[in-house]
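Asks: Same order as they appear, the protein sequences are chains A and B.
Going by this note's numbering, the residue at position 19 of the first sequence is 19; the numbering climbs one at a time, nothing skipped.
Going by this note's numbering, the residue at position 35 of the second sequence is 1035; the numbering climbs one at a time, nothing skipped.
Hints are not guaranteed to be accurate.
Within a straight-line C-alpha distance of at most 25 Å, the following computed BS3-like cross-link-like pairs (lysine-lysine) qualify [stated by the list, open to error]:
1. B/K1011 - A/K42
2. A/K79 - A/K108
3. A/K42 - B/K1078
4. A/K79 - A/K63
5. A/K57 - A/K79
6. A/K42 - A/K105
Bear in mind the hints are in silico, worked out from the structure with no lab data behind them.
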Amino acid sequence: EDQVTQSPEALRLQEGESSSLNCSYTVSGLRGLFWYRQDPGKGPEFLFTLYSAGEEKEKERLKATLTKKESFLHITAPKPEDSATYLCAVQSNYGGSQGNLIFGKGTKLSVKP
Amino acid sequence: GAGVSQTPSNKVTEKGKYVELRCDPISGHTALYWYRQSLGQGPEFLIYFQGTGAADDSGLPNDRFFAVRPEGSVSTLKIQRTERGDSAVYLCASRTGLAGELFFGEGSRLTVL
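Pulled out of the complex, with its shape left as it was, chain A reads as follows:
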């Protein structure tokens, strides 16, 4: 069964304090791994898609990396506006559910000034 586990559930950082969020996954053939940001009361906002182990993508203070078992979202020198819930999702290449994304529960990030 395809599964996504995110850790930690919540993370509190001081402004400028770099850290990483983890997404561990089990999938029968990875078609893509997705990172989203979700602000309270809003829909998820797309950040990155990663397709194969070793791939990395960057956007401003965020960098996503991928191995065969997990993905990391690295946040460098975060600012208070980076506070949000970060969601990880996978899409499988096989089976009846290969069209949809399976999401983790998310990591709630708070960045204090």
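Got chain A; can you put chain B on it based on the hints?
Replies: For chain B alone, coordinates are given in the frame of chain A:
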């Protein structure tokens, strides 16, 4: 429109009532998805459409839930005999095919009293 549009943004109903939630996807997107998100949880897959047909409805929790997309654009999620446990945010998303990022709407918050 420029993004995925969902109506209503908020719906309060009584137990046992019938509810319809509407989603207007990004123009030209052939794939349309419905997810449900409870507080503190990640989005949970319900159903997705490729064109007018439901390609995968394995996430619908029971036969009180039904969705249609008669003309391959707007979709309606229908919930019969609502229960308090149906209270959640219902998210709609769309994309051009079965790969690449999903674009989400802001969601419809359903509260069943």
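Asks: Would you mind marking each hint as holding or not holding in the structure?
Replies: Each hint tested on the structure:
1. B/K1011 - A/K42: 16 Å, holds
2. A/K79 - A/K108: 14 Å, holds
3. A/K42 - B/K1078: Within the cut-off at roughly 22 Å; holds.
4. A/K79 - A/K63: 15 Å, holds
5. A/K57 - A/K79: 20 Å, holds
6. A/K42 - A/K105: 16 Å, holds
In terms of the numbered hints stated before, the structure departs from none.
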